[in-house]
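For the record, the sequence lines run as chains A and B. Be aware that the first sequence starts at 231, since it is given in this note's numbering, and climbs by one per residue. Be aware that the second sequence starts at 327, since it is given in this note's numbering, and climbs by one per residue.
Don't read these hints as lab results, they were simulated from the structure. These numbers come from a predicted model, not from an experiment. Glycine residues also receive a C-beta, built at the ideal position from the N, C-alpha and C atoms. Fair warning: there could be bad hints in the mix.
Unchecked claim - Residues from chain A shown here face chain B by an in silico Cβ test under 8 Å; the list is partial:
#1 L244
#2 S251
#3 V252
#4 G253
#5 K274
What the hints assert, rightly or not - Listed below are several chain B residues computed to face chain A (Cβ distance under 10 Å; list not exhaustive):
#6 V351
#7 A412
#8 H512
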Amino acid sequence: MKPQAKLAAAWIGLLLLLAASVGVVFLRLGPLGTVANLGIAAGKAALIGLVFMELARPNPRHRLAAIAGALWLAILVGMAAWLASA
Amino acid sequence: MTVAAFEPYRAPGPARAAAVLGMWVFVMSEAMLFGGLFLVYVHARLEHGDAFVDASRHLKLWIGAGNTAVLLTSSFAAALANHYAAIARWTLARRWLAVTFALGLCFLAAKGVEYALEYREGLAPVFGAPFGYEGAPAEAAELFFNLYFAMSALHAAHMAAGLVVMAWAVARWRRIVGARRHAVVHGLGLYWHFVDIVWVFLFPLLYLVR
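With the rest of the complex left out, here is chain A (with noise of 0.2 Å):
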């Protein structure tokens, strides 16, 4: 597949992941609507970051940057949740 293909493709896959996340709305599924689109962010947040950001291409740098990135917001959601409940 070529670069332009790929990107296109993903782009088009963003779109209908959108379309998706609007359509649940209309089914009025209460809090698992809420579950279900943050679900749909979280894989459209994927394809930007694996297509878009080029983190599917084995640079160990750019990827240890975004894997330190990601737990320390994992840290911060975490402490917090653990203040929440106690």
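Dock chain B against the given chain A, drawing on the hints supplied.
Relative to the frame of chain A, chain B by itself:
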């Protein structure tokens, strides 16, 4: 005694690698800034679930969805610009960067229209504006709109900063020479994709909790 200025990474390859890694570190630090705000939002949403659902229904879903499509498309254009810069097709790289810029402007213009409509409807509890929300717990709804304006305005400010640098890159295109051009396009693209990812999470949390 005079000391010669140290200029690291004069070779194009290492210079670009260092610039791109620097941008990765920067956007991850920005992710922490937005992460804190997201956390505040989630806490408030858990406290005031039903009021947030009601308040979210007052946002313009179709403007938000259209703007998301515009931003996703601008990210696609930025990725194409980086692709063409990588293979030194400079005219196409500049053209796609200009498309990214134009779509970014469209996003901000639509956001401005949306803010104006919300202000007119009395849904903007900012800068002392009257808050005319009619519905169940107005205090909780006010908190929702405060968070909505804080988060979306911070995102818009990041977009505006990206657009200023993009305009600078497009305007000074001929003066940015050689591998530095690719570093600029690559770095700008990474920043733009990050801004896109932030919106990808803001959109469902603010517009789709109805």
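Each hint tested on the structure:
Hint status for L244/A relative to chain B: holds, with the closest Cβ pair at about 5 Å, below 8 Å. The interface hint given for S251/A is met, as the beta carbon of that residue sits about 6 Å from the closest beta carbon of chain B, less than 8 Å. For V252/A, the suggested interface contact is upheld, since its CB lies about 5 Å from the closest CB of chain B, less than 8 Å. The restraint placing G253/A at the interface with chain B is violated, with a minimum CB-CB distance near 10 Å, outside the 8 Å limit.
Interface hint status for K274/A: upheld, as the beta-carbon distance to the closest one in chain B is roughly 5 Å, under 8 Å. With its C-beta approaching chain A no nearer than about 6 Å, V351/B sits inside the 10 Å limit, and its interface hint holds. Interface hint at A412/B: satisfied, since its Cβ lies 9 Å from the closest Cβ of chain A, which is below the 10 Å cut-off. Proximity of H512/B to chain A holds as hinted, the smallest CB-CB distance being about 9 Å (cut-off 10 Å).
Hint check: a violation occurs at hint 4 only; the rest are consistent with the structure.
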